[in-house]
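Asks: For the record, the sequence lines run as chains P and G.
Just so you know, we're using the working numbering here: the first sequence kicks off at 6 and counts up by one.
Just so you know, we're using the working numbering here: the second sequence kicks off at 227 and counts up by one.
Because the hints were derived from the structure by calculation, they are not lab data.
Beta carbons are placed, not taken as given, at the ideal position from N, Cα and C, and that holds for glycine.
Hints are all accurate, no fakes.
Stretches of chain G that chain P covers, calculated by requiring three or more beta carbons in the stretch to come under 8 Å of a beta carbon on chain P:
#1 255-269
#2 277-287
#3 333-341
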Amino acid sequence: MKNDIHFLNELDEDLSEAAWRESLGRSPGRRPRRVRQRPRRRALLVLASVVAFLTLAGAIGWFVTRGQGGASQELRTGLAALGSRVRALASAPPSAIHNQAAPGFAAFPSNWAATVDMDAALQRAAADVPEMQPGTVAESATLSLSRIQIPGDMTRIVKTGQLSIVVGSGTFEDKFRQAGMIAATHRGYVQSSSTSGSRSGTLTIRVPAARFEAAMSALAALGTRIESQSVTGKNVTSQFVDLKARLSVWQQQQRVLNGLLAKAASPEATIRYTNLIMDVQFRIEEIKGQLRVLKNQADMSTIKASLREEGAPVPTPKPEKVAKPNLGNAFQHAVAGFLAVVFAVVVGLGYLVPVSVLLALAALVFLRVRRRRGVV
Amino acid sequence: MGNELSTDAELLVLSGEQPEAFGTLYRRHAEDLLRYFARRTLDPESAAELTAETFAEAFASRGRFRDRGSGGAAWLYGIARHQLGRYLRAGAVDARARRRLGMPERDLSPSDYERIEELIDFTPLRAALADALDVLTEDQREAMRLRVMEERPYEEVARILACSEATARARVSRGLRRITQVLEPTRRQLIREAD
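All chains, full assembly: derive it from the sequences and hints.
Replies: Quick look at the structure:
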């Protein structure tokens, strides 16, 4: 029976052919085409799969690195770039060094901007040393994280306490004086103090971190009641480690420059190296200063105590200055954020790709076994 | 062939020994099944593919058919409902059974396309379509009005719209697809029926 729909007739023939093949016990000879899907839908499906895969990779990467794609990674990237830059510098002929840009240093954060100038200066300096052989700088100045020595316990917590207490009527002056003595008792000192009339005042004391709790308790014991009390602890360990690492890098730069200075052949080169060394020295002192401040903040805790007599008016706190964000840093933060995301995705892919391959192989084996058993 | 008087169930059982007996079953139900799919998908291409896949699946798994009194047609339509449900959920027709049997995927000729559209029978849909036409573009709406509401042949539709027949067909096809999305409640009902 022929149908007026040609497609059905063709399908009839196809089924007859399949029946004929089966009766002959032959398996289908040719490989059929794949399922036809609407191209747009398929493209969307592929796109969604890729996005989901990368998102998962990013999540895994972030989880594995716990968000270390930020400052520390930035530092590592900068160090790696610096190392490769110095190696390139050492292997390049002096004439080429003059005209080279310094792309590697773009990886450094904004506060490393001086490094770029330093790079250009190093190039000029290296070109002035005729006896400098390729590899000399690389050997002496290759920077790697393994050479940055980070001591064992670097934990740094900046503790800050705030206490508002009410003292008995007519005892303010006595208690205020005792509060100052508490600082001395705990091997600390009074950083500032001020009184408002004769019935209220505030003082800020600094005590060793180990004595912080004891000093807080002693101050609290001065009052008849405590109006408010708060303690905050700010972990500055990562900041501390970063500064240490930066210091190490600059110190290595200094050693490189000292080496070049020793080999300087002309008075001009000597002057140039001296200037560079002074710049580096300035950087080192700056970082050392920041480290000192940080260490001081961590070693000596700050307690701000407000005392007032019973019935005395509550002093109105001065409005604090609102910190304004620096828009100039916005772009650099955006780039850093972008790199951190890419970093997390790449790390995540390292975990996800082998796992996906294994799962795909397992699925393939499962489907093969299933097909052999004739399950539809 | 001598199988014309056999029941569907008998044909299915017989086809286990004589595969060519399946052809009789096919010729008996092919057009009805195509109509079944066409009315539910409103898409001639998908309906044709679903028909092909259903028969391929039935042929491949006919060895599992057991006559429990419900008949071979019920078994065949059970496979059809399963295929339709998959299609409505995934938006694409499966081709696994055809691949397994080494059957090619075939394209619809323009005349087949029109013939299958005739099978759809838009009468019960016309009222709902009239409201849903608002969601279409002007071109699609006009093509749908001429083809679906007034049942004019594509040749005439193309002449009125001053475009090629292929363009007219594409406009109707896109319009139908859009209408199917708009008639979501009806679609959900179809999925439930298919399951």
